[in-house]
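Undergrad: Sequence:
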Amino acid sequence: TYTIERLANKRVLALYIGSSIGNFSPAEAAGILTNLRSHLLPGDTLLLGTDLAPGPRKSVDTLIAAYDDAAGVTPAYNRNLLTRLNRDLETNFHPDCFAHRARWNGAESRMEMHLESLVAQTVSLDGHRIPFAAGETIHTENSYKFTETRLRQLLETTGYAIDRLLQDDDNRYAVTLAKAVE
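Per my numbering, the very first residue in the sequence shown carries number 361; after that it's consecutive.
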């Protein structure tokens with residue numbers, strides 16, 4: 361149970377910045393914001409950071425490049441999941457036999473990260489054999505992107521009214537100030 365300590369006659373400003381709300385499905389994000397709203401009083405404020413969906417100044421290619429960086433940091437991070445599974449669950453993945461794939465899913469308005477099996481292989485987990493065909497993927501992560509309409513809908517259905525919505529010049533991200541309502 362969370363409790364917000366308040367000074368007498370003062371409003372609360374809740375911060376959820378960094379666009380990490382996009383790491384949750386729409387239903388999970390709504391649950392998080394609804395839960396936060398239950399701890400706020402009408403008139404308290406939320407400052408929410410979100411990553412924006414592709415548009416006139418933000419291309420799908422720009423998003424894919426961010427999730428499949430040339431330096432190889434994100435692909436290494438993604439393949440590290442297999443190393444962790446090997447260590448923590450005693451599986452026998454061969455991380456070098458998987459390629460990182462970053463994909464835009466426009467229907468869901470999200471970036472997806474996958475690990476694609478480069479060869480036919482079988483992995484053992486807890487006495488079970490799990491076959492992977494060449495080209496088969498493991499869906500490892502989602503990062504939802506917002507339009508202004510989806511952002512308004514999310515906030516309004518979870519007990520907030522947008523006061524100000526600020527976007528960077530290239531429409532890559534937004535910072536939204538929203539008030540808790542009755």
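These are calculated hints, taken from the structure and not from any lab test.
Hints may be right or wrong, so weigh each one.
If you anchor each label on the Cβ, the simulated ranges turn out as follows [what the hints assert, rightly or not]:
1. E365 <-> R489: 49 to 57 Å
2. P491 <-> G432: 43 to 51 Å
3. N452 <-> Q527: 43 to 51 Å
4. G391 <-> R524: 18 to 26 Å
Glycine residues also receive a C-beta, built at the ideal position from the N, C-alpha and C atoms.
Undergrad: Indicate, hint by hint, whether the structure satisfies it.
TA: Quick rundown of the hints versus the structure:
no.: 1; hint: E365 <-> R489: 49 to 57 Å; verdict: holds, 53 Å
no.: 2; hint: P491 <-> G432: 43 to 51 Å; verdict: violated, 28 Å
no.: 3; hint: N452 <-> Q527: 43 to 51 Å; verdict: holds, 47 Å
no.: 4; hint: G391 <-> R524: 18 to 26 Å; verdict: holds, 25 Å
Hint compliance for this structure: hint 2 alone is broken.
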